[in-house]
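Keeping their order, the protein sequence lines are chains A and B. Per our numbering, the very first residue in the first sequence carries number 1; after that it's consecutive. Per our numbering, the very first residue in the second sequence carries number 1; after that it's consecutive.
Hints are computed from structural coordinates only; laboratory data are not their basis. C-beta atoms are modelled at their ideal positions from N, C-alpha and C, and glycine is treated no differently. It is possible that some hints are incorrect.
Here are the computed lysine to any residue pairs in the SDA-like style, where the Cα-Cα straight-line distance is at most 20 Å [to be verified]:
id	chain 1	residue 1	chain 2	residue 2
1	A	Lys557	B	Gly135
2	A	Lys374	B	Arg44
3	A	Lys634	B	Gly135
4	A	Lys634	B	Ile103
5	A	Lys634	B	Arg42
6	A	Lys407	A	Trp306
7	A	Lys99	A	Lys224
8	A	Lys634	B	Thr116
Heads up, incomplete: computed chain A residues facing chain B, CB under 10 Å, no partners named [what the hints assert, rightly or not]:
id	residue
9	Arg535
10	Ala543
11	Lys609
12	Phe612
13	Leu615
14	Val632
15	Ile633
16	Ala637
17	Arg638
18	Phe644
19	Ala649
20	Val653
Spelled out, the chains give:
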Amino acid sequence: MVADRYRIHPEEPIPALDGPAGVRAFNVTDERGAPKALFALVCRSDVAPRTEVLNQFSRFSRLPMTSPLRWGVVHWPPERARRFAIVLHQPGGERVLPKADATIEPWREDRVVRVVMHPLLPMFKELGDRLLTHRGIRADNLFFADGSRDSVVLGECFSAPPAMAQPSIYEPIDSAMSMPEGRGHGTPADDYYALGVMILVLICGGNPCTDMSEQEIVESKISKGSYATLVGDTRLSLPMVEMLRGLLCDDPEERWRHDDVMMWLNGRHLSPKQALLPPKAARLFPFEGVDYNNAPALSNAMGRNWSAGLQVIKENDLERWIRRSLSDDTRADAVGAATQAVIGIGGGTAGSLEDRLLSRVLIALDSQAPLRYKQVAARIQGLATAFAVNYHDDQRRQTFAELMVHKLPQAWIDAQPVSRADYIAFARTYDHILMHLTKPRIGYGLERAVYSLNASWPCQSPLLRNDYVADLESLLPALERVAREGKTDRLPIDWHIAGFVSAHMKSAPDRAFDEMTHDEDAAVFNLGVVRLLARVQEAVGPASTPYLAAWCSSLLKPAIEKFRNRSRREQLLTELQETAAKGNISALVLMADDPQRRAADEEGFRRAKAEFASLVEQTNWLRNGGLTKPAVIKANAREASSVFSSVVAAVTVLLITLNSVF
Amino acid sequence: MKTWVKVLVLILLFPFAALLLPTTLVFVTMMGPTFVAYITDRSREKHLAITVGLLNFAGTLPAIIDLWTRGQSHPAAMDLIGDVFVWVIAYGAAFVGWGIFAIMPSFVGSYFRMTTQTRIHGLVRRQKALIAEWGHAVAEGLEVAMHSDEEEDEDAEDADEDAAEVTEAELVEPQAG
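This is chain A alone, in the form it adopts within the complex (with noise of 0.2 Å):
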């Protein structure tokens, strides 16, 4: 049940409108009784929602296209875990194209303008007006409004990273050239060429280049241009060759906008400027046996063969290609700078120089590219979204972790020739994970780091693996739910539940993470842990969570094993389980590592110690004949004699003396 209100059916699953990498959809029933036909898209635990838009797409339901109704975490049976569910309204008819690689019946250019341009533009200008970007703009995510197929709805886009379902057709030059879960939100131009592609998919019927792979298609978008490359011999009339040319611009800085294509509709028809094909060479450089007359799709060709450019790069005539052949003086520079800058910071493996020294030359070549490194290569906006849903790749992990550690990021933004803030605003927060990822302590490292960069990324820890906790809010009442199931076998906090709180605290708790890491000392380490939980609890409640609190008891009995006392000790763990009912985690801590009364406790060891000192002396005097030696017997003997003779003297003369009297 979402919002108390939309009741979402396992049992009756609605493949058609699954989305992508796995996201199903399910029937939904409106419990209020509203009429229309919804279901819900069920996410995937391990890759979050764009859920930072969802707000703002939820007010376009005028719109055509599909906008959220509620969404939130739901208890999820088929799974037994809870789940992100988004409710949309159902598309009242089917999908425009039916996947990615299907054919159909291709439509005129007039009906494309007709249902498909004319109602989808007003939409596009309310997402660029709000530099809000849809990234699922294709024609397998293009539905039917109704059973006339004469109008069309654009469906949904944000059950998964922005653009990770595109097929990389619909991309531009170097978001096709990304890992899917790397090209970021990117901008509005971005959405444009995906609509000139989905407008070419629609007249040729499906996908224009079904004779090329993904990885020809770019590289002959780089070679050759977009437009050329995906409208090749497609028989157009001239108005729409004007419009895809300036859809499909290689440039985004020319491609058109929303008043260009408006101006178009209108029927004033423009020259749309071209993007520069990249300068070709003099000589062909050769690699892995094909012939590159360009620094672009060499660079993109050298990103792709990782093994292969980095034998490129030792054989060290790259730079003179590009200076003698490219007559590029300016970019064989900063291949030049890019190999004297890795030979100048140094460190790490012969292997890892060369890798870095490659990134830094792939960077060098083509600076529009995307940051590649290994077998990672995102834009720089999407290079976090890629590091998290490549986070439980071991190899990946490790690949993102070095890329950032060689301040790559950086290097990127430093190459760029425009400035912009967002690039000033990525190098600042890579600077920042740098410093987490020095410090290999818990709260720190590369679990800090996939939080601090995806901010809405649910917990990855493995004892929330059946709950869906992407804000701190969240986290304390899961553990409540683990607790409440009895699963404390465990420690309440891991290394990703320590870096997600980290990440989303305003401040570090630092003590409990110094208190971890001595993981050699039970009574330290678990007395961290509950100190992190209490943060929590007072950072953003709730106030009592009774079955955590229990756990966290149990917990601190090494910390309350360390007061010297047992008396004190037997107080304290009832006090403790009285505490822990009341769900107050801070109390416990307050208990558990009170300096007054840890104070108290060493000082009556210290005096005990001292009493027991002075015993063991008493005892040997006593058990060395203290009081039994003949010497010691016999003064107290002749002193006892003395007494005990003057009381019987003292007596009989008393006695003597009353008779003489009377």
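Dock chain B against the given chain A, drawing on the hints supplied.
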């Protein structure tokens, strides 16, 4: 007591002794055991002399009173000195004092041995209580000796009562002298 003090006392007493000569005669004669005890007691405190002397005095006192009731004359004094019964009482009392002095060490010895055991049990019990309350760290740095004597039974009872179940081996015991 220094010698000059003793001489001074004798000089001061001498006029009284001369004045009360009959009493002095009876007293000196009957207090003979005390003089002997004083001479034989080598200790500084002269406990033997005190013990014998006090009882000897108590035995001599009836004769002195009798002398005084007869008017403290020389014949009365000589009469009393010649009375065997007076001798028996005075010297018997001195003998009792001597007897007390002789048997007192065995009494005191028994009492002290008994007291020692009781006190050791008390001290051990307190040690156990401290260990139970504060743990074995309270005995750190002190030498541990195995228990070896008749305290065993009582200590076993203590151990039963003690929730911490402190065993004898864990207890810090005094070393045998």
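Evaluated hints:
1. With a C-alpha separation of about 16 Å, the suggested pair A:Lys557 and B:Gly135 falls inside the 20 Å cut-off, and the hint holds.
2. Annotation: proposed proximity of A:Lys374 to B:Arg44 is violated, straight-line Cα distance about 104 Å (limit 20 Å).
3. Pair hint A:Lys634 plus B:Gly135 does not hold up; C-alpha atoms about 41 Å apart against a cutoff of 20 Å.
4. Note on A:Lys634 and B:Ile103: the hinted pairing holds, with a Cα-Cα distance of about 11 Å set against a maximum of 20 Å.
5. Restraint check for A:Lys634 and B:Arg42: satisfied, since their Cα atoms lie roughly 14 Å apart, inside the 20 Å limit.
6. For the given pair, A:Lys407 sits about 19 Å from A:Trp306 by alpha-carbon distance, which is consistent with the 20 Å threshold.
7. With a C-alpha separation of about 27 Å, the suggested pair A:Lys99 and A:Lys224 falls outside the 20 Å cut-off, and the hint is violated.
8. For the hint pairing A:Lys634 with B:Thr116, the CA-to-CA distance comes to about 16 Å; that is within 20 Å, so the pair holds.
9. Interface restraint check: A:Arg535 against chain B, minimum CB-CB distance 32 Å, threshold 10 Å, status violated.
10. Checking A:Ala543 against chain B by beta carbon gives a least distance of about 37 Å; that is not within 10 Å, so the hint is violated.
11. The interface hint given for A:Lys609 holds, since its Cβ lies 5 Å from the closest Cβ of chain B, which is under the 10 Å cut-off.
12. With a least beta-carbon distance of about 5 Å to chain B, the hint placing A:Phe612 at the interface is held under the 10 Å criterion.
13. A least Cβ separation of about 5 Å between A:Leu615 and chain B falls short of the 10 Å threshold, and the interface hint therefore holds.
14. At its closest, the beta carbon of A:Val632 sits 7 Å from a beta carbon of chain B; the interface hint therefore holds under the 10 Å criterion.
15. Hint status for A:Ile633 relative to chain B: holds, with the closest Cβ pair at about 4 Å, below 10 Å.
16. For A:Ala637, the shortest C-beta to C-beta distance to chain B is roughly 4 Å, which falls under 10 Å, so the interface hint holds.
17. Of the supplied interface hints, the one on A:Arg638 holds, with its beta-carbon coming within about 4 Å of a beta-carbon of chain B, less than 10 Å.
18. Restraint check, A:Phe644 versus chain B: the minimum CB separation of about 6 Å is within 10 Å; hint holds.
19. With 10 Å as the threshold, the beta carbon of A:Ala649 comes within range of chain B, its nearest partner Cβ sitting at about 4 Å, so the hint holds.
20. For A:Val653, the interface hint holds, the least distance from its beta-carbon to any beta-carbon of chain B being 5 Å, beneath 10 Å.
Figure legend: structure checked against the earlier numbered hints; hints not met, in rising order: 2, 3, 7, 9 and 10.
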